[in-house]
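Peer 1: Next come the chains, spelled out residue by residue.
2 protein chains.
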Amino acid sequence: MDVSEFFLKLLIILLVAKLFAEVFAFLRLPSVLGEVIAGIIIGPSLFGVIVPDATLYLLAEIGILLLLFEVGLETDIGQMAKVGVQSSLVAITGVVVPGFLGYWISSSLLALPFVVSLFVGGTMVATSIGITVRVLVDLKKHQTKTAKVVLGAAVLDDIVGVVILAILYDFSVKGQVNLFNAAKVLGFITAFLVIAPVLAKLLMPVIARLSSASRTKGMIPTLIISLILSMAVISHKIGAPEILGSFAAGVALARRFFLPFGSAMDHYSHELAEKIEINMKPIINLFVPIFFVVVGASINLRVIDFTSATFWYMAGLLTIGAIISKMVSGTWAEGNFRTKLSTGIAMVPRGEVGLIFAEVGKKSGIFDDVIYAVIVFVVALTTLFAPLALRFAMRGEE
Amino acid sequence: MDVSEFFLKLLIILLVAKLFAEVFAFLRLPSVLGEVIAGIIIGPSLFGVIVPDATLYLLAEIGILLLLFEVGLETDIGQMAKVGVQSSLVAITGVVVPGFLGYWISSSLLALPFVVSLFVGGTMVATSIGITVRVLVDLKKHQTKTAKVVLGAAVLDDIVGVVILAILYDFSVKGQVNLFNAAKVLGFITAFLVIAPVLAKLLMPVIARLSSASRTKGMIPTLIISLILSMAVISHKIGAPEILGSFAAGVALARRFFLPFGSAMDHYSHELAEKIEINMKPIINLFVPIFFVVVGASINLRVIDFTSATFWYMAGLLTIGAIISKMVSGTWAEGNFRTKLSTGIAMVPRGEVGLIFAEVGKKSGIFDDVIYAVIVFVVALTTLFAPLALRFAMRGEE
Chain A
308 MDVSEFFLKL
318 LIILLVAKLF
328 AEVFAFLRLP
338 SVLGEVIAGI
348 IIGPSLFGVI
358 VPDATLYLLA
368 EIGILLLLFE
378 VGLETDIGQM
388 AKVGVQSSLV
398 AITGVVVPGF
408 LGYWISSSLL
418 ALPFVVSLFV
428 GGTMVATSIG
438 ITVRVLVDLK
448 KHQTKTAKVV
458 LGAAVLDDIV
468 GVVILAILYD
478 FSVKGQVNLF
488 NAAKVLGFIT
498 AFLVIAPVLA
508 KLLMPVIARL
518 SSASRTKGMI
528 PTLIISLILS
538 MAVISHKIGA
548 PEILGSFAAG
558 VALARRFFLP
568 FGSAMDHYSH
578 ELAEKIEINM
588 KPIINLFVPI
598 FFVVVGASIN
608 LRVIDFTSAT
618 FWYMAGLLTI
628 GAIISKMVSG
638 TWAEGNFRTK
648 LSTGIAMVPR
658 GEVGLIFAEV
668 GKKSGIFDDV
678 IYAVIVFVVA
688 LTTLFAPLAL
698 RFAMRGEE
Chain B
308 MDVSEFFLKL
318 LIILLVAKLF
328 AEVFAFLRLP
338 SVLGEVIAGI
348 IIGPSLFGVI
358 VPDATLYLLA
368 EIGILLLLFE
378 VGLETDIGQM
388 AKVGVQSSLV
398 AITGVVVPGF
408 LGYWISSSLL
418 ALPFVVSLFV
428 GGTMVATSIG
438 ITVRVLVDLK
448 KHQTKTAKVV
458 LGAAVLDDIV
468 GVVILAILYD
478 FSVKGQVNLF
488 NAAKVLGFIT
498 AFLVIAPVLA
508 KLLMPVIARL
518 SSASRTKGMI
528 PTLIISLILS
538 MAVISHKIGA
548 PEILGSFAAG
558 VALARRFFLP
568 FGSAMDHYSH
578 ELAEKIEINM
588 KPIINLFVPI
598 FFVVVGASIN
608 LRVIDFTSAT
618 FWYMAGLLTI
628 GAIISKMVSG
638 TWAEGNFRTK
648 LSTGIAMVPR
658 GEVGLIFAEV
668 GKKSGIFDDV
678 IYAVIVFVVA
688 LTTLFAPLAL
698 RFAMRGEE
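Chains as they are written, first to last, in my numbering: chain A, 308 to 705; chain B, 308 to 705.
Treat the hints as calculated values from the structure; they're not laboratory data. Honestly, I wouldn't trust all of these hints.
Each pair may be met inside one copy or between any two copies, as identical chains are not told apart.
Stated by the list, open to error - Only pairs whose alpha carbons sit at most 27 Å apart, straight line, appear in this in silico DSS-like list of lysine-lysine:
no.: 1; residue 1: K481; residue 2: K508
no.: 2; residue 1: K491; residue 2: K481
no.: 3; residue 1: K452; residue 2: K588
no.: 4; residue 1: K582; residue 2: K447
no.: 5; residue 1: K452; residue 2: K389
no.: 6; residue 1: K588; residue 2: K508
no.: 7; residue 1: K588; residue 2: K448
no.: 8; residue 1: K588; residue 2: K669
no.: 9; residue 1: K544; residue 2: K670
no.: 10; residue 1: K448; residue 2: K491
Construct the complete structure from the given sequences, taking the supplied hints into account.
Peer 2: Here is the structure:
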């Protein structure tokens, strides 16, 4: 690709994303919604200026790694553990109900073949941790108890999501499922999420020493980005999504994450934590919007035949199913109706995870063009619905 | 490409570059040398872990844009203009002498065909503004008078370099040269370099207003990167290298760049300049080393047959010619012998510009494998020679 052409694309992405984010923020709506809509507008759905290619996907991936790192940084893992039971119940419900409802609508009401129905069910399971987390941050509600329940549930759903995708893919290609492998992966991921932050925390004094002894510029951003990348790579190696690695890196460097054994390194923490924040903020804020624009630009609404009655019938049923089935999970959240409602809505967006399911389904020949278009539409609607609805549901929540 | 594989590559680049940069800085050598050598080591020459692909080239290009932006930020354009005559004389000599000497060695001593000799001469003309500038920054000599002369000359050489490359390419492909076009491009570039900083400076109050009114995060890094990218794209459109655009953007935002007419916006400047510095530093320091590692990894020493006597004969003659011919240009620098020597050495590195010439020569069939290998070797030697030699030549210079 021509370098200058790429620079122009990047420029368009950055400026249009910022413009829409500002307008949405001005209207007191989550700016992430502006960024996704910006992506839909400049993407193949409308103007077709930005068609995500390999390089843009990679920059977008760096963006989502950084977002999860930032969320990790601000996460008090002790408080997350306290609401762990609620999170787990929300997550399990958020997997089981949408999965079965998606399968049932597809096989019974839409009379789709068995494997197709299974895959639709799988798609319904996905929760876009990226969209959910950004909405909470945009609304400045990411320190609320609801947010902690949702964050825990979204992390768990993300893990379950990749395992289900792997199982479904194996099943549709090889015709059999290796549940032992799936269990092994789940075990690895759990172990990783427990061990990784502790290991990363042990690196803190090393990072502090290196940054104060350094004779070159940029030691801190280089080391922190390296830490994030290495955790992402390890996370991928054991079969987990990369973003869990960067989340773990963030948790490790969080001011409120203390090692159970000794606090010998804790006197480094305060000054270093500040330096890390100052150095990482501009990088994070630059890259994160690229991810959401690319999510928007990955939704190609042109594949949809909006004049088809069949399309509307299928898309209508599945969208309603997709929204209601996830909202059911909110009933486990402790608190008043508003808390349950907010929790449920926060679990609704399928975002990039739903699009990955749709792509795998299409490429493996399981989804034909009509079903693919329906799924893309359902993913788009759930992704746009959640930020809007959450904006109103969470009003006044502490 | 697999996302995780790309993350791993990026991780290796960042860590190895930092390691070598630190070691070189510890040895009181320019850390840029460590980064280029890191690239040679992890690149195809030795370990072959990093083979630059399209995405890495793009990240590297962002790195060099940011470096030139940073240098522009710290450039006092008034002082550069004061040494303009010296810079021009150095630049002209640095084009004419190496060009003719390269041609003469090729055609007379090495008996190479006419077009090949012309292209070798063209390669000798290139000055790697990136390497030169980074060495001066590493040695903390970028505010010296010598640095100002060199910076001006390197910018001029870069402009002349692209024009020569275009002419040679036209000539070798079409068999004729359009000198009118070349002159037009030169005119455009000159106009751009005069007008662009003024236009960009006029945007300062807009940037200040937007950043203080913003309701989203990361307004400053987004706007500054957008400004750099748009100047780079415009620069490319008129036929100049992208880095001149980012340099112009830096000059415009420099604290010491005042508009000739009115200073209505100058009260914004101080606070904004500080914010820009705090926000851009981590991004710059993260990306710049990627460029130099990629330069190192673009040098594939494996194409060279080191047992060939012909190779050593050709490479030896051309390397000596390449170094001496550029050093001659230093005689125009006002000052003692040391100043002239430093100026001359600073013009020696061919770096990425020389590699571009070599690639174009190879792809168009003008360079066979032997000449290509010779040119790669000459580029590598001049690139490594300059930082080392400058370290000693500039000792004590103010």
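Peer 1: So, for every hint listed, does it hold in this structure?
Peer 2: Results for each hint:
Taking identical chains as interchangeable, the C-alpha atoms of K481 and K508 are never at most 27 Å apart, the minima being 41 Å within one chain and 62 Å between chains. Taking the closest pair of Cα atoms, K491 and K481 come within 27 Å of each other only inside a single copy of the chain (19 Å); across copies the shortest separation is 63 Å, beyond that limit. Only within a single protomer do K452 and K588 lie at most 27 Å apart by alpha-carbon distance; the minimum there is 25 Å, versus 36 Å between protomers. In the homo-oligomer, the alpha carbons of K582 and K447 lie at most 27 Å apart both inside one protomer (23 Å) and across protomers (24 Å), since each shortest distance falls under that limit.
In this homomeric assembly, K452 and K389 come within 27 Å of each other (Cα to Cα) only inside a single copy, at 10 Å, whereas the closest approach across copies is 63 Å. Both within a single protomer and between protomers do K588 and K508 lie at most 27 Å apart by alpha-carbon distance, with minima of 20 Å and 25 Å respectively. For the identical chains of this complex, K588 and K448 are intra-copy neighbours only, at 19 Å inside a copy versus 30 Å across copies, given an alpha-carbon limit of 27 Å. When the C-alpha separation of K588 and K669 is checked against a cutoff of 27 Å, the pair qualifies neither within a copy, at 38 Å, nor between copies, at 44 Å.
In the homo-oligomer, the alpha carbons of K544 and K670 lie at most 27 Å apart inside one protomer (23 Å), although the nearest pairing across protomers, at 39 Å, exceeds that limit. Taking CA atoms no more than 27 Å apart as the test, K448 paired with K491 passes in neither setting, with 35 Å inside one copy and 57 Å between copies.
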